[in-house]
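Go ahead and model the full structure; you've got the sequences and the hints to work with.
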Amino acid sequence: MSAALVAIGLDFGYPEHPVGHAVSLSLAAGEVVCLLGPNGGGKTTFFKTLLGLIPRRGGEVRIDESDLTTLTRAEIARRVAYVPQANVGYFPFTVHEMAVMGRTAYISPFSGPSVQDRRIAMEALERVGIARLADQPYTRISGGERQLALIARALSQAAPLVVMDEPTASLDFGNQSRVLAVVRELAAHGTGVLFATHDPDHAFAIADRVAIFHDGRLIGDGPPHRTITPEALRTVYGIEVDVVDVATPQGARRVCLPGGRIAP
Amino acid sequence: MIRRPGVAAGIALLTLLLAVVAAFTLGRYPVAPADLLRLVWSALTGGAHGVTPTVETVILSVRGPRVLAALAVGGALAAAGGAYQSLFRNPLVSPDLLGVSAGAAVGAVLGIFLSQPVAVIQLGAFAGGLLAVGLVYAVARLVRSHDPLLVLVLAGVVIGSLLGALIALLKYLADPYNQLPAITFWLLGSLASIAPVDLASTLPAFALGLALLWLVRWRINVLAQGDEEARALGVSTGRVRAVVVAGATLITAAAVSISGIVGWIGLLVPHFARFLVGPDFSRLLPVSVLLGAAFLLGVDTLARTVARVEIPLGVLTAFVGTPLFLWQLIVARRSWL
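Protein sequences appear in the order of chains A and B.
Read in order, the letters of the first sequence correspond to residues 0 to 263 in numbering that gives the first Met the number 0.
Read in order, the letters of the second sequence correspond to residues 0 to 336 in numbering that gives the first Met the number 0.
Where hints are given, some of them may not hold.
To be verified - One side of the interface only, derived from the structure: several residues of chain A facing chain B at Cβ under 10 Å:
(1) Ala76
(2) Tyr81
(3) Phe90
(4) Phe92
(5) Met100
(6) Phe109
(7) Ala133
(8) Pro136
(9) Gln156
Claimed, not checked - A few chain A residues facing chain B, derived, Cβ under 8 Å:
(10) Leu52
(11) Ile53
(12) Thr71
(13) Pro83
(14) Tyr89
(15) Glu96
(16) Ala104
(17) Pro108
(18) Gly111
(19) Pro112
These aren't lab readings, by the way, just hints derived from the structure by calculation.
The structure presented is a predicted model; accordingly, all values stated were derived computationally and were not measured.
C-beta: ideal position from N, C-alpha, C; glycine also.
The following block contains the structure:
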């Protein structure tokens with residue numbers, strides 16, 4: 000039975016105000032699912048509810064057929080890893096130490112990481128290409144490197160599913176491509192990745208499926224080519240967008256170009 | 000930042016050793032280091048030591064318990080401070096955050112007010128510290144919030160204030176000739192009247208509290224990433240937090256019960272320790288304990304030698320600690336970031 004994370008009719012938000020209604024979404028091992036939506040739309044709230052970090056208002060979340068609320072935090076962590084947006088951090092743990100923290104779900108409450116845990120963390124750093132930063136303080140590296148460090152942390156967690164919250168936010172052009180490549184490579188190795196983004200081009204680049212999030216609901220869920228349409232983008236972002244196929248040496252690629260009235 | 004834990008531990012041990020030698024040899028009755036060595040050697044090998052009975056009394060009965068108490072209290076406060084700074088993700092936090100010192104003070108002051116013997120006063124301090132934190136925890140649980148740390152801190156501040164007001168009231172009502180000086184003296188902190196029985200009775204609390212903190216040393220590192228991230232990484236944050244608070248409260252309450260209120264160690268020493276070995280609690284804890292022990296021992300030696308009258312510990316730790324802290328802030332350039 001392959002791993003699966005499923006939200007069924009999930010209502011989520013905070014006691015003072017609801018954010019999302021009846022959202023149903025699934026993530027299976029080996030697929031890349033993109034959650035597309037505008038800033039402040041509730042994608043982060045959805046992810047936190049999906050992982051049980053904030054209580055849900057209604058509906059269900061199941062991991063591998065088990066209701067989320069019946070599992071301990073360690074059990075959940077062994078099945079789903081979470082990559083939040085990278086922040087500056089308070090204490091100068093090294094990048095390697097940050098990656099080792101991904102092993103916590105396998106370390107019993109009263110012991111410390113084993114030699115093998117440290118080795119797995121180092122391999123994770125190598126997989127995302129930042130092994131040279133292993134002894135650097137996490138607080139002193141660049142934003143893109145911090146995001147890669149958090150991805151390495153999720154990798155050392157060795158969970159079959161990974162949920163990433165806008166992993167390319169505030170990254171430069173090069174680092175964005177690097178992160179997307181890492182996500183694609185993860186899926187190729189059998190990991191299921193759900194990542195939130197506001198940029199539809201990311202979905203075209205690497206997603207198997209895209210779910211479009213608008214006004215607290217999903218208004219589309221399917222392969223990017225069928226789901227990301229100018230109409231959908233107009234609904235979500237309120238602008239005119241040309242969705243075009245471009246010929247490249249790697250083959251035809253589809254991209255979104257904001258069109259319409261961008262007056263000089 | 001020095002990142003070689005072996006070197007750092009060596010520095011800490013050396014500092015501690017110097018502080019111990021200084022504490023035994025300095026004072027109104029000077030003791031030669033050679034005599035100290037002879038006594039230690041004879042204790043290790045079982046032979047005669049050839050030291051005069053007076054010197055032997057000074058070393059074993061007068062200074063010995065005081066040195067051990069200073070080591071224990073200093074180490075305990077530093078360990079608790081380090082644990083809280085990681086737990087609350089704030090390098091400006093001290094062990095008093097959740098009101099253990101205020102509770103202990105109420106217990107002790109009440110004991111003095113009711114003219115109780117020393118043993119009861121100490122027990123009152125210990126119990127008061129534990130009860131205060133228990134009350135803070137109970138209050139925090141009543142408040143539903145998605146920021147459990149903030150709620151704990153707020154409850155600690157509020158209860159701490161309440162207990163402070165209670166102490167002020169007791170001071171006001173106390174007999175100004177007999178009780179008030181004793182209350183004031185206790186609140187300023189001192190190791191002058193340490194007896195071996197004090198150490199024996201607090202040893203279980205010190206040992207248990209330190210053991211609790213050591214056991215969850217890795218979880219503390221993960222908690223320092225924030226409550227949500229720690230939970231996503233598989234930590235039952237509520238439980239670990241409870242263990243850390245229990246451990247820190249045990250050792251702080253035990254320390255305050257025998258020394259009175261001694262500030263600045265829990266805040267300052269973990270900074271230096273973090274500067275030496277970084278934030279990993281499995282290294283931070285032992286180095287904090289060593290440095291805290293050395294620091295308080297040094298301050299205590301200073302307290303009884305620098306003037307003709309003994310200076311209260313709490314006063315001296317502030318006088319010594321404040322410039323050190325400022326220096327560390329300026330030199331290290333926000334080294335905790």
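Now for the hints, and whether the structure bears them out:
1. Ala76: Holds, because the Cβ-Cβ distance from Ala76(A) to chain B comes to roughly 3 Å (cut-off 10 Å).
2. Tyr81: OK, holds: Tyr81(A) within 10 Å of chain B, min 4 Å.
3. Phe90: 4 Å, holds
4. Phe92: 6 Å, holds
5. Met100: 5 Å, holds
6. Phe109: 4 Å, holds
7. Ala133: With a closest approach of 12 Å, the Ala133(A) hint is violated.
8. Pro136: 8 Å, holds
9. Gln156: 7 Å, holds
10. Leu52: 5 Å, holds
11. Ile53: Result: holds, 6 Å to nearest chain B Cβ.
12. Thr71: Since chain B brings a Cβ to about 7 Å from Thr71(A), closer than 8 Å, the hint holds.
13. Pro83: 6 Å, holds
14. Tyr89: 5 Å, holds
15. Glu96: Status holds, d = 6 Å.
16. Ala104: Holds - the Cβ of Ala104(A) comes within 8 Å of chain B, reaching about 3 Å at its closest.
17. Pro108: Since chain B brings a Cβ to about 6 Å from Pro108(A), closer than 8 Å, the hint holds.
18. Gly111: Result: holds, 5 Å to nearest chain B Cβ.
19. Pro112: Where the cut-off is 8 Å and the nearest Cβ of chain B is about 7 Å from Pro112(A), the hint holds.
The structure fails hint 7 only (numbered hints given earlier).
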